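Produce the entire structure from the sequences given, and follow the hints as far as they go.
Line by line, the protein sequences give chains A and B. The end of the first sequence is residue 291 by my numbering, with every number in the run present. The end of the second sequence is residue 296 by my numbering, with every number in the run present.
Any given hint could turn out to be false.
Cut-off 25 Å, straight-line C-alpha distance, at most; resulting in silico cross-link-like pairs (DMTMM-like, lysine to aspartate or glutamate) [to be verified]:
| hint | chain 1 | residue 1 | chain 2 | residue 2 |
| --- | --- | --- | --- | --- |
| 1 | B | Lys-144 | A | Asp-237 |
| 2 | B | Lys-102 | A | Glu-62 |
| 3 | A | Lys-135 | A | Asp-237 |
| 4 | B | Lys-100 | B | Glu-161 |
| 5 | B | Lys-184 | A | Glu-62 |
| 6 | B | Lys-147 | A | Asp-237 |
| 7 | B | Lys-233 | B | Asp-187 |
| 8 | A | Lys-135 | B | Glu-151 |
| 9 | B | Lys-224 | B | Glu-161 |
| 10 | A | Lys-61 | B | Asp-187 |
| 11 | B | Lys-144 | B | Asp-187 |
Because the hints were derived from the structure by calculation, they are not lab data. Since the structure is predicted, the reported quantities are computational estimates derived from the model, not experimental observations.
One letter stands for each residue in the lines below.
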Amino acid sequence: MKIIVTKEKAIKLIMLIAASTSVFIVLLIFLFLGKEAAPFIIKPGLSELLGARWVPVSFQKESFGILPLLTGSLLVTAIATLIAVPVGVCGAVYISEVAGSGERNFLKPFIELLAGIPSVVIGFFGLTVLAPVVKAVFGLQTGLNALTGALLLALMAIPTIVSISEDAVRSVPKSYKEASLALGASRLETILRVTTPAALPGVLAASMLGMGRVIGETMAVMMVTGNAAQITASPLDSVRTMTATIAAEMGEVAFRSDHYRALFSVGIVLLLLTFTFNIIAQKVLKKHNGA
Amino acid sequence: MFSKARILLVRINFYKIAVVCSLAVAVLLGCGRGNNSENSNSITIKGSDTMVHLASAWSEAFMAANSDYEVSVTGGGSGTGIAALLNGTTDICMASRKMKNKELDLARQKGMNLKEIVVALDGIAVIVNPANPVSELTVGQVGKIYKGAYETWGQVGAPKENIIVLARESSSGTYVFFQEHVLKKADYTQKARLMPATSSVIQSVSADNWAIGYVGLGYALDAKGKVKVLSIKENVAAKAVAPSSESVKSGEYSIARPLYLYIDDNASDTVKRFIDFCLSAKGQEIVKSSGYVTVN
Chain A
1 MKIIVTKEKA IKLIMLIAAS TSVFIVLLIF LFLGKEAAPF IIKPGLSELL GARWVPVSFQ
61 KESFGILPLL TGSLLVTAIA TLIAVPVGVC GAVYISEVAG SGERNFLKPF IELLAGIPSV
121 VIGFFGLTVL APVVKAVFGL QTGLNALTGA LLLALMAIPT IVSISEDAVR SVPKSYKEAS
181 LALGASRLET ILRVTTPAAL PGVLAASMLG MGRVIGETMA VMMVTGNAAQ ITASPLDSVR
241 TMTATIAAEM GEVAFRSDHY RALFSVGIVL LLLTFTFNII AQKVLKKHNG A
Chain B
1 MFSKARILLV RINFYKIAVV CSLAVAVLLG CGRGNNSENS NSITIKGSDT MVHLASAWSE
61 AFMAANSDYE VSVTGGGSGT GIAALLNGTT DICMASRKMK NKELDLARQK GMNLKEIVVA
121 LDGIAVIVNP ANPVSELTVG QVGKIYKGAY ETWGQVGAPK ENIIVLARES SSGTYVFFQE
181 HVLKKADYTQ KARLMPATSS VIQSVSADNW AIGYVGLGYA LDAKGKVKVL SIKENVAAKA
241 VAPSSESVKS GEYSIARPLY LYIDDNASDT VKRFIDFCLS AKGQEIVKSS GYVTVN
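Structure follows, in structure tokens:
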């Protein structure tokens, strides 16, 4: 008897440890980032981080203003979201409400397959295929700009948005639809006015998770956005994202230099942004489940 | 019955523990050996991405001639290689730039006496699209383009199209060299697109009619037909010089840099033998066939 009890306790403990590992790791990452970035506040000062120029390697004066990187990331993310959310949600509604089972069995695995393509492969596709197309369509001199990056990112976010939105749309109780149809609404009216609004919280959460994926993506964006650190609102200009900056510069940076600490500060900003997206998504989902 | 089973169980557990312990000890011993790495027949080389091809070619030839030696080469950039040398995790550091004072100070603090060896020369070619009518520029003009003072090709006597400025990432040794010698230490224009690799510079220049970029001479010559290599004039009065191994060696072509290997003075004889091999006639033959320029 006693052995069984202790055994159960031990197993419970092991499972508890396994379950809390991720919490522990997230905390450790925050601590580590903070520790490496903090001295920057004292020496070059926090105001340096808020500047509008990112010139980490210079014979004149190094500047570590993360504004161009932040606006670059936000611009690319915003455009990607504007493209990915409508496409993703329409796709989800189609798959769960309109498509026959044959179509569904064909479409869903393919969309999920898209999620499995490594980002460097997507980036290479963007560099050699998409960039020339963007260049030709808009009559530009080069296809290395924010729009090309956003298109690639939309491509990567669509599977996430489709598959989570589809779950949300599918979990709308059948009785809602039946009531709507019984009242004489057409199928289209039912989808637009009843099913989709009922699934809205789930769809919003899906979009937030998609945005989180987009803002954290590195490789594809680094290959096609041109990486010029300038503040711009034009999708046809080159931008430099926070992720690309960390990936490109971390390998060469002198240990614990100002540049090193600035990169860690960029990492903290990035982590806080994705964190916010995830928390909003979870709040929305919780409300959805509670209602 | 019951107690017998218990004993068996305990015994099994005991064996298990014994096996796990011995495995752990073995792993620890293995790690210990890995860390010391005083195996005098193996050499590790780390650093500049520009030099990875060259160092791989050297190490292959070196291992073919001395079958009991093992040489491993990794890239990561000049800075990474120097850091590794200072931390003692590599025997030889390859660098496409001279060590900075900060790094030399760190070496002195660690009591290391570093030796710098110039093993090859590398010309940096300025490239444009074959459709661009420009075929020669002065160093000053290239500098102005990269500083952002010139924004259209009209300012250097070509059609009035905007210039797409392509540079390498700021982590690249080539970026710093170009900034020092062509931009004369000024900052790059904020509009310069920083490309993650030499191949993406070539890809973009071959695709975009009004782009300008810079790459190592070896890469530029390999991409002949896809891109046009510009001849460079030292100043307005001087004659234009096309980059080639002859013009780099003679110093006529000015955008060129030495490539270095750094070692600790106390390095093993194996390491020193490898360095001698790089400087030998055979080693320099490899420099030539890799697209770089031989020293002396």
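We went through each hint and held it up to the structure:
1. B:Lys-144 / A:Asp-237: 21 Å, holds
2. B:Lys-102 / A:Glu-62: 16 Å, holds
3. A:Lys-135 / A:Asp-237: 12 Å, holds
4. B:Lys-100 / B:Glu-161: Outside the cut-off at roughly 39 Å; violated.
5. B:Lys-184 / A:Glu-62: 16 Å, holds
6. B:Lys-147 / A:Asp-237: Given that 25 Å is the threshold and the Cα spacing comes to 18 Å, the pair holds.
7. B:Lys-233 / B:Asp-187: The given pair, whose Cα atoms are some 22 Å apart, holds under the 25 Å limit.
8. A:Lys-135 / B:Glu-151: 19 Å, holds
9. B:Lys-224 / B:Glu-161: Given pair B:Lys-224, B:Glu-161 holds - Cα atoms ~24 Å apart, limit 25 Å.
10. A:Lys-61 / B:Asp-187: It holds: about 9 Å lies between the C-alpha atoms, which stays within 25 Å.
11. B:Lys-144 / B:Asp-187: With a Cα-Cα distance of about 11 Å, the restraint between B:Lys-144 and B:Asp-187 holds, given a limit of 25 Å.
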